[in-house]
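Chemist: Okay, here's what each chain looks like letter by letter:
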Amino acid sequence: MSLFRWFILRSLRSDLPRTAVTIAGIAVGIAVVIAIRLANATSVLGFETALNAMSGRTSLEIAGAGSGVDEALLAELGWLREYGLVSPVIEGDVLLDPRGTAGAEAELVRLLGVDILRDRPFRDYPLVGGADAQAFTTREFLALLTDPQAVVLTEELARRRGLDVDSAVDLISGDRRVGLVVQGLLGREGPAEVLDGNFILMDIAAAQLALDRLGRVDRVDVRLAEGLDVAAAEQAIAGRLPPGLTVQRPERRGAQVEKMLAAFHFNLTALSYIALLVGMFLVYNTVSVTVITRRAEIGMLRTVGTPRRAVLALFLGQAAALALVGCALGAPLGWLLAQAAVRMTASTVTTFWVASAAQVPPLAPEDVALAVAVGLSLALAAAIVPAREAARLTPVGALRNEDGLAPAGGLPGRHVAGAGLLLAAAAWCATRPAVAGLPVFGLLAALAVVFAAALLVPPTLYVLQRVRGPRRWMPVESELARTNLGGVIRRVSISVAALAVSLAMMVAIAIMIGSFRETVAYWVGQTLQADLFVAAGRGSPVGARATVSADVEAALRAHESVLAVDGFRGVDLAYRDSLIVVGSGRFDVMLEHGNLLFKEPADGRRALAAALGRPAVVVSESFALRFDATAGDDIVLQTSRGEQPFRVTGVYYDYSTDRGLVVMDRGTFATYYGDGRPSGLTAYLAAGADPGRVRQEVLAALGPGRPVFINTNASLRRSVMRVFDSTFAITYALEAIAICVSMFGVAATLLTLALERRRQIAMLRLLGAERSHLRRMIVIEAVALGMVSLGIGLVVGFLLSLILIYVINVQSFGWTIQYHVPLGFLLRAAALVVAGAALAGLYPARLAGRFHLAERGADA
Amino acid sequence: MTRTRRLAAWTAACALPACLPGPAAAQEAEWRQARPDYVLQLPGDHASHPDYRIEWWYYTGNLAAADGRRFGYQVTFFRVGVDARPANPSRWAVRDLHMAHLAVTDVDGGRHLTAERLNRAGVGWAGAATDTLEVWNEGWRVSLDGAAHRLQAREDRDGFGVDLRLTPAKPAVAHGSNGFSQKGAQPGNASHYYSLTRLATRGRVLLDGQALDVEGWSWMDHEFGTSFLEPSQQGWDWFSLQLDDGTELMVYVLRRRDGSIDPHSAGTLVDAAGRATALDAGDFRLVPGRTWSSPASGAAYPVAWRVAVPGAGLDLRVEAVVDGQELSTGESTGVTYWEGAVVAAGMRAGQPVRGRGYLEMTGYAGPPMSEVLR
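As you go down the protein sequences, you meet chains A and B in turn. So for the first sequence, the working numbering puts the first residue at 1; every next one is plus one. So for the second sequence, the working numbering puts the first residue at 1001; every next one is plus one.
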């Protein structure tokens, strides 16, 4: 231990900048991993916590296919009573707009509509404000709710918005505004706990009216009698339910959401490990430098009889020490990052539940354990090569190279061979299919390419070092820099590799996002043909529950410039353990005006025409890929008439959701899922009509204050792209972190090099070199390293982008992305990298300028 | 003639409008008042009368199995109007509240099992037909099968209930004046009220999950109106007795808060041929005897009585078959009362007479009724 303290800790202390950068690198890497892990867990956990609070003591729930349960079916479910208590439920997300609080924003709340006569055994509703809070009988509670305008909300929400009993509030559901009066307040218990108190309770009748869902309930909750086995009861009930209804445990919805988000989470996790990769390179770098600069001491140790294994342990210990400190810093940092990440991913995830229920849980022991396990094992793996090298040194061999600089050596053939093998492995992995819907092999391929790139750095530097520019065009400093670097290729390789890998990832992701963006822009341009789009609420109408009111549709149709109106209606549907969206539109209108882009058959009109008037559908590309369906196949969907096969007549391109879309004609949809109100409308205008004016006129006809969202074609395109860009914000943020860390790596390497070359640099001073010359020399070295990294990064990045777009993306999301290089972005990024490298060289350069021969340190 | 017995529905009716938004008077205006010129006609009037705010169908009876085990039972369906014309078109809008009480007394086991239901009509989970006798609350139901009444109610959780067929052995008896029952000083406080005093009963009693074939006699009441009472009573004691000489007696007293007997106390005597004689407060006497204290509510109920109708030469000792026959209806009505099977023995005009029946006692637990009903 004393040897460790003397040998390793002292060196870590003496080379503080490098130590600090390495630890920072590990810490950031660990932090990103922990942050993404926590953020992912949070989004699922948030949903599950809210789900638990909302489902209360429900053991089983009965749901219809897609759009809830037709209440006419409920009368036939009297036999459910044999299994326990039964309570029909309506749930919805609405905006609550307190009246008279000018300027305050309406906020999203979860509405629960129940028959309180039946629901009290299911959920706790601690009414407060009564003479005796516990004294509310069920009948008194009902009396609070029977009025169609009655609402009960949480104390927390009331306090926050300055509301009390008898306050008037507006509830905005889709494009409707409903005036309500607060009749009671709920304490923080049961459903009132969800979403920071953004919960309101209404009578089931009032909720139906407010949400425009007369005739339907969302589901029927069952609380099994004591002693009944849930699994047995589930099976028995399933056997007795009429076609179209299904029974499941409430947790299953959590599992479906988890599954829905799995690919998204998996990719975020994979991305987070990239940051760790950079930390790994830094550990390798630091340990290598220690080994190289301490050859003499290692030799001494070996001479006095220290066994090889002790030397190996010494350097692995160094890596472990770095890793442990990095983990200790990284774990709490990760928790902080998670908070930010949760906020950023909120816009990515489609449901309000997942988005705002998110409360990052406190750092758990298993998170710390994971951080240490991952950090430590990667650090040890990174250190094993230099540590073994140190252990292999013979006393004589070690003592010979007194100055610590490794010899230039020849072209490292082993590296080239290793890289070749890795690239071959990558090529093989890239052709493997997804594992359980996750692109495991795709990521392995990407990883292999990254390591291959790292291995190729020394040979590349070796080759580049041989190339000599025309002497008179190059300042003497550059020639010096070239020879300097040539002598330490093995050393700088590590930093270059780290930076190159980060840059490669950035390039790859930039190309993928750029391609994706271009593809989506093209798709939007092709498919968004209508002139006006009416949404029932903010956000995308896909799978949304809010509906467009009949009078809004009528006002739109009544406008003289409107030629045709089509409605889109979508419902969430469980399909093979996942959640898909079943949508409907009028295929005849689409045939005449629309322009869906079809993958197969190429002539989409044929697919639409073939699906018209029969149980047939067109499916989105992600559905086709995820569930392995092609035109001509039959898929079986749960409908209100029970399971029903549908013929797939076409596969079309869609980028609105990766959940998988199945679209049928309005008529077919009405037959199997009921003819409800649409969740969005599209309108086609007469030639020459000004969409902006038509929009204004329709809004004016509906009267002021009506929460109707009408987009013109142009504004919808803009907002689609805006959503797109915000979705990928986090990806760029992660990459920026990785690049910053590797920049520090370059700075640290140059610093070490400068320190090691003190004597040599001081000699140059003696030979008449000005400080400015030396500074320039080192900055040129930095820029050269930056440019080499950039070059390698670009080449590898292009390779990686191919894997991302054609393997990982397809396997996780099932989208066809047209390859497109965002040249402008890459050029700007390249300029930034070069500038950043120059910046990274400034500090070592200034330091080197101050060296004098006389001050040669004892241990450098 | 007044009939104040049916506390549970009454409580609901009086308490609910007070909680509802809007003046209670406006609510009252939506409902029809009982009128003296209304003529009861059966079987049509077995059906529901949704124009009136309050309505109930009350079945009680004493049964015996082949092995001699004895049972008492009570099944009650209440309908209380909340909003005659709900503004909300939803089927879940609350027009009426439907409540039901079920009790089975296991005489030999000394047990009294109870259950209750509270529902809105909603999608038909509870309701009452307007064209025939058909009243239900979830799985509990009474309906006509020819002249017979089918009565089914079972509590699955504890495995008890009844499944009975009740055949009238006598025609219906209209109480008060042709079934118009004036309840208080105010002209509108009245109801329409009739009874089937002797229903031959066969069927099954379910106990501990096991069905037992039973036979015996039941009593059915049906009453509807809109506003009933003036809240000055402490409570009431009500008897329905079926005697083995073929006659029936229904009497009750209203106990005032000052301990006096309300002059609206009344009764009806039915002879073997089915002819009814109205009794007023001065025609009979009820004398409480031994009391039983409920461990649940702490209330002390007289479970032995002397019932005398001097004009008919009738003098009976009435005693509960099981002391503990208290109902606590927290979910549906929130009122605690005693309702149970009784046996009667005594003399009529010098001849020994025996009988069975039901006794209801209210206002013994909790605050005075006048406060409960405020």
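Hints were generated in silico from the structure; no laboratory data involved. Heads up, a few of these hints could be off.
One-sided excerpt, in silico: chain A residues whose CB lies under 8 Å from chain B [what the hints assert, rightly or not]:
| # | residue |
| --- | --- |
| 1 | Ala-75 |
| 2 | Gly-78 |
| 3 | Gln-208 |
| 4 | Pro-601 |
| 5 | Ala-602 |
Note that the coordinates shown come from a computational prediction; the quantities given were computed from them, not determined experimentally. Just so you know, even glycine gets a beta-carbon here, dropped at the ideal spot from N, CA and C.
Chemist: A separate judgement is required for each hint: does it hold in the structure or not?
Modeler: Hints and how they fare:
Residue-level restraint check for A:Ala-75 holds (minimum Cβ-Cβ distance to chain B is 4 Å; threshold 8 Å). For A:Gly-78, the shortest C-beta to C-beta distance to chain B is roughly 6 Å, which falls under 8 Å, so the interface hint holds. Interface hint at A:Gln-208: satisfied, since its Cβ lies 4 Å from the closest Cβ of chain B, which is below the 8 Å cut-off. For the restraint placing A:Pro-601 at the interface with chain B, the shortest Cβ-Cβ distance is roughly 46 Å, beyond the 8 Å limit, so the hint is violated.
Given the 8 Å rule on beta carbons, the hint for A:Ala-602 is violated: about 49 Å separates it from the nearest Cβ of chain B.
Figure legend: structure checked against the earlier numbered hints; hints not met, in rising order: 4 and 5.
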